[in-house]
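4 protein chains.
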Amino acid sequence: MQIGMIGLGRMGANMVRRLAKGDHKCVVYDVQPDAIKAVLRPDVVSASSFKDLVAQLATPRIIWLMLPAALVDENLTTLIPLLDAGDIIIDGGNSYYHDDIRRGIALKEHQIHYVDVGTSGGVAGLDRGYCLMIGGEKETVQYLSPIFSTLAPGIGDIPVTAGRDNAGSTAEQGYLHCGPQGSGHFVKMIHNGIEYGIMGAYAEGLNILRNANIGHKENDNDAETTPLRNPEYYQYDLDLPEITELWRRGSVIGSWLLDLTASALLHDPELKNYAGHVADSGEGRWTIAAAIDEAVPVPILSAALYSRFSSRGEGDFADKILSAMRHGFGGHVEKNGKS
Amino acid sequence: MQIGMIGLGRMGANMVRRLAKGDHKCVVYDVQPDAIKAVLRPDVVSASSFKDLVAQLATPRIIWLMLPAALVDENLTTLIPLLDAGDIIIDGGNSYYHDDIRRGIALKEHQIHYVDVGTSGGVAGLDRGYCLMIGGEKETVQYLSPIFSTLAPGIGDIPVTAGRDNAGSTAEQGYLHCGPQGSGHFVKMIHNGIEYGIMGAYAEGLNILRNANIGHKENDNDAETTPLRNPEYYQYDLDLPEITELWRRGSVIGSWLLDLTASALLHDPELKNYAGHVADSGEGRWTIAAAIDEAVPVPILSAALYSRFSSRGEGDFADKILSAMRHGFGGHVEKNGKS
Amino acid sequence: MQIGMIGLGRMGANMVRRLAKGDHKCVVYDVQPDAIKAVLRPDVVSASSFKDLVAQLATPRIIWLMLPAALVDENLTTLIPLLDAGDIIIDGGNSYYHDDIRRGIALKEHQIHYVDVGTSGGVAGLDRGYCLMIGGEKETVQYLSPIFSTLAPGIGDIPVTAGRDNAGSTAEQGYLHCGPQGSGHFVKMIHNGIEYGIMGAYAEGLNILRNANIGHKENDNDAETTPLRNPEYYQYDLDLPEITELWRRGSVIGSWLLDLTASALLHDPELKNYAGHVADSGEGRWTIAAAIDEAVPVPILSAALYSRFSSRGEGDFADKILSAMRHGFGGHVEKNGKS
Amino acid sequence: MQIGMIGLGRMGANMVRRLAKGDHKCVVYDVQPDAIKAVLRPDVVSASSFKDLVAQLATPRIIWLMLPAALVDENLTTLIPLLDAGDIIIDGGNSYYHDDIRRGIALKEHQIHYVDVGTSGGVAGLDRGYCLMIGGEKETVQYLSPIFSTLAPGIGDIPVTAGRDNAGSTAEQGYLHCGPQGSGHFVKMIHNGIEYGIMGAYAEGLNILRNANIGHKENDNDAETTPLRNPEYYQYDLDLPEITELWRRGSVIGSWLLDLTASALLHDPELKNYAGHVADSGEGRWTIAAAIDEAVPVPILSAALYSRFSSRGEGDFADKILSAMRHGFGGHVEKNGKS
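Chains as they are written, first to last, in the working numbering: chain E, 22 to 360; chain P, 22 to 360; chain R, 22 to 360; chain H, 22 to 360.
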């Protein structure tokens, strides 16, 4: 099929490459001319503007937006007046599903079809394929299936779950029409919420392993330090690159995220290349908001999010309040602190 | 090699089968005669008692214990007097590593070698192989490598992490000498702590997905109920078996635990076969204890453990205190409760 | 001053009584005629309808709404057309501050002043006074100060914090103009979020004390049960009513919530009158939502909220997923469960 | 009574002063001669060594240790040989109750009575009195009641909980015999665990209030930053010193810890005198360990402990792992970081 792609960052550029390999025709645009140049090849042509991109696409046009969530609405404002009834807009970025619902209603007045696609796979998606969680009208989603099946991983070497007899289920190919508008990003949002939790579980566990040698260290004997009662239990110098490589085979906690961790630790065992200021891109927050609206307890997913906040110093004022209270009732003076 | 196996439960029995397939000779014992019968085959012979098992093994004997953690010490008490200097005891169950350290010291006086092996893989280990985390003296562990390499998965179809140049690292085969006695179970303990966290992350996320349709439901308008402010955002009837199948391909959160979840949801989408009283077998608790000794923050791993406690009603008294306080300050009467 | 009170539940009725004691004139209305009768006395007259209430009030009218948050908007819709420019509406219930901001803007078009008052104190407020967190225009709030100072506790026997030299600060009297519209309910929202956390801290701690005798009990020795390693450390039969009474004097954790707990445990040490299904009335949820918007880590406040959700069974499906996974990888069968 | 006091730090010195005011005779010792000088007065005499202290006390001797937990055992080793059968040792510091049980058994062989006293009250205890949680043999504890009643606050102006008819309960005076040896420190341990939770609840809530003005700030629009969707909801510049003063009167969350917070914020609204590196002195950790042994869920108390760990940078390696994973799957580069 012919498709327009707006936004050629890490994700968008690779998706164009994968689409082109799948014999789709792409018309591409990005505010950075270099980003456009980097993806040009047979079957991939550049547009100099939204207007030019629209002009090069046959109707009904298919336009895929791969933009930071905060920029989607302003781009849509420019784009919509250039389109015709029957055209299709796909938001493949990380939009909040509330916005999908709103946009779906707004675009319907223009008879433009709006499809939201949660896209997982990261920079490896070019080779592995992208896991696609799709929301929108049934007919539109079905019409786009050649696109989705190209972008998705396919069955690959992952055997279908035993007992499935779901002829025509695209889930086995790595893409799924989840429900009406917003449901694609809803499912992706929860996917990312889970991702935060899994990442945090590995990170916490590895931090314990790393400190398994604290019994070697000297203890301070003052009222501000909790002595380690049994240093003999903490005498292990564990090799994290080896352990993470080990767990990749046969263990219950094998996963792609573990593969990535093993690779990172192999090349930088102390992770000196990182400061540990961990960003969060919205989905983790929205996951908690949805859970709270639903009254679903999510202590793990929340803890994962808060660790990221804390990693950026957002808890510092609360910590100071604790120190101030301790000073107030016990006269405690911070050991490494100022007062 | 020749090896004695004591304990033929789900794990022990399958390990005997895998060892026999690998051309090792096994002498097996269990308190349940039926458990013994179930594993007999060429190269697997039965023993009628510890004494008989010991008699059938050539020295230096290799004896693998695959028992509930709480039973290991009493079995060792019976076994040790029957052994000779130079014999090797392997505890492959889920012992607390403190016990390993203590036993290692005690057995050293008898010149018996003690090796602790944390074993992951579950019931699938017969086919997939077992991921082995090993603690003990270097020479003993090396001596046992034919056993370990048979039980372990081998490289299989999981490519070695790019950039590794670690000739002789057995981690790539799925087993690893982690360090001195206790370190095998230490690493396995943390492995299971991580496992709890990952499992909980999936469980919480799927619970949110399942409740994505609460906007359909009627709300009570009383002071004891928080109204759902935007029911229009919770109108999705999501298909969990399809979504979990989907995520298995190309997504960032693919894993073996997800594979198992997809299978469980396929066959029982409402999970009616489960009451949700989730056991914890010790490692999750010990993980937290180690983290606290090390002063390592583990909010995710703790939350995962506490969810299991709560699932068994262990938080009920605390909940009642909350209701009693609410009654005290606000005159609130429990909506579904007694007072 | 003369004031109209709409909503005579637990809170509204007592506020009318306190206002009357303070020589204010009240015109009162409630949909339950009995609720009206219960508060009538000299200086408190009844209204048969909103229209009647409005007619009995001199302009500029002061009308205080003390209603469940979910009912405020529909009541306002009826009330507003009956009012005149310059009248004042006070929402003293537990509205979401977003609604205050919206209402403030809407009522401004009618030249009606809107004031939001977060009210803490519970059923004891009649005697102790109400702590009032107030949002709105400065002049309006100042105009209402005779009302606020009557409802508030006053300095009482709580000495002003040493070093304060804040002549005119009403905080010392127990009421405070926090800022523009919505800020009163914002501060009250966080107040309640903190309240959830404090309540949960007591509840968890008392639950540990209550189980300090588990060493008396027999342990199961199976792979599904974690044995208690040191029963000798858990041999205490602690007297919770005595301990909570004790902590009320001289300890760092004395508080009014502890007073209430001591009283509840005195009269019902096992709390048999409660089922432990703990409601949450909105502020706890909104507190988390605000924290997440601000990227402030709030693990304690979240945990407190989730415990309430779990107490009502909202985590059950997640628990079942854990059991299903455990069955999948380990063949574990729930001990008290079905499968 | 006559009592020997060993350890004249913040707590011990004030306890001597309070005992002397109560007409007890104190013989005091500290390794710092200045600490001794500071407490000398009529009825308080100094000892130059343990031997001297023991010599000055009539039998049966009463010796109160007020030392950092880590130093108690070595002091006991020196002290015990100097004592006679029938003497009484009181550990009033923050010992782990496991140690009390061990010491009680060991001292029994010398016919020395051991009493553990958990002491709350902090530096204010001199005036307010100390809340005493006591473990030990019934007769010994009763024998010491003149000491305890002097140190304790007494009923003061806190009315006894309505409905109590517990003639002779000392809880109403602020001291309580909780049970056998170790139970005093057990109850104090949980007391401190609760204290951590309450402190954290205030700290988190105040941190949200402090950031209620983030809507004023500019947002970055990049894929690493979550945009604030509704800046209009975060326009409040809240006055924390005033709000904490306000909450002290009539609110549900009034407490002594809040009083201290109000004072700290009054004198240093930005808490610039603190770095926010929060110590933990053991009880918070032991509380979690006890909860886990008992299988009691304690998400709030754990979160409070972990916030302290994180405040000291103990989570940094885990954070780096998260950044490394994000780099691995998404090519994300830390915004404020190195890679």
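Since the hints were made in silico from the structure, they are not lab data.
Warning: the hint list may mix true and false statements.
[Stated by the list, open to error] Result set (DSSO-like, lysine-lysine): computed pairs, CA atoms no more than 27 Å apart in a straight line:
id	chain 1	residue 1	chain 2	residue 2
1	H	Lys-159	R	Lys-159
2	E	Lys-159	P	Lys-159
3	P	Lys-159	E	Lys-238
4	R	Lys-238	H	Lys-238
[As the list claims (entries may be wrong)] The following label-pair restraints were derived from C-beta to C-beta distances:
id	chain 1	residue 1	chain 2	residue 2	range
5	R	Ala-188	H	Asp-258	17 to 27 Å
6	E	Ile-176	P	Ala-188	46 to 56 Å
7	E	Gly-175	P	Asp-258	25 to 35 Å
8	P	Asp-289	E	Asp-148	43 to 53 Å
9	P	Asp-258	H	Asn-251	38 to 48 Å
10	E	Lys-58	P	Ser-190	35 to 45 Å
The beta carbon of each residue, even a glycine, is placed where N, CA and C say it ideally should be.
Holds or violated: are the alpha carbons of H/Lys-159 and R/Lys-159 at most 27 Å from each other? violated, 62 Å
Within 27 Å, alpha carbon to alpha carbon, are E/Lys-159 and P/Lys-159? Given that 27 Å is the threshold and the Cα spacing comes to 62 Å, the pair is violated.
So the hint says 38 to 48 Å: do the beta-carbon atoms of P/Asp-258 and H/Asn-251 match that? violated, 29 Å
Distance restraint hint 43 to 53 Å, applied to the beta-carbon atoms of P/Asp-289 and E/Asp-148: Violated, since P/Asp-289 and E/Asp-148 (Cβ atoms, about 35 Å apart) do not stay within the stated range.
Hinted pair P/Lys-159 and E/Lys-238, Cα distance within 27 Å: holds, 24 Å
Does the alpha-carbon distance linking R/Lys-238 and H/Lys-238 stay inside the 27 Å limit? violated, 58 Å
Holds or violated: 35 to 45 Å for the Cβ distance of E/Lys-58 and P/Ser-190? The hinted range 35 to 45 Å holds for E/Lys-58 and P/Ser-190, with Cβ atoms some 43 Å apart.
Given the range 17 to 27 Å, decide if the beta-carbon distance of R/Ala-188 to H/Asp-258 lies inside it. Given a distance of about 21 Å, which is inside 17 to 27 Å, the answer is holds.
Distance restraint hint 46 to 56 Å, applied to the beta-carbon atoms of E/Ile-176 and P/Ala-188: Given about 36 Å between the Cβ atoms, the range is violated.
Are E/Gly-175 and P/Asp-258 spaced within 25 to 35 Å by their CB atoms? holds, 27 Å
This entry does not satisfy hints 1, 2, 4, 6, 8, 9, going by the numbered hints stated previously.
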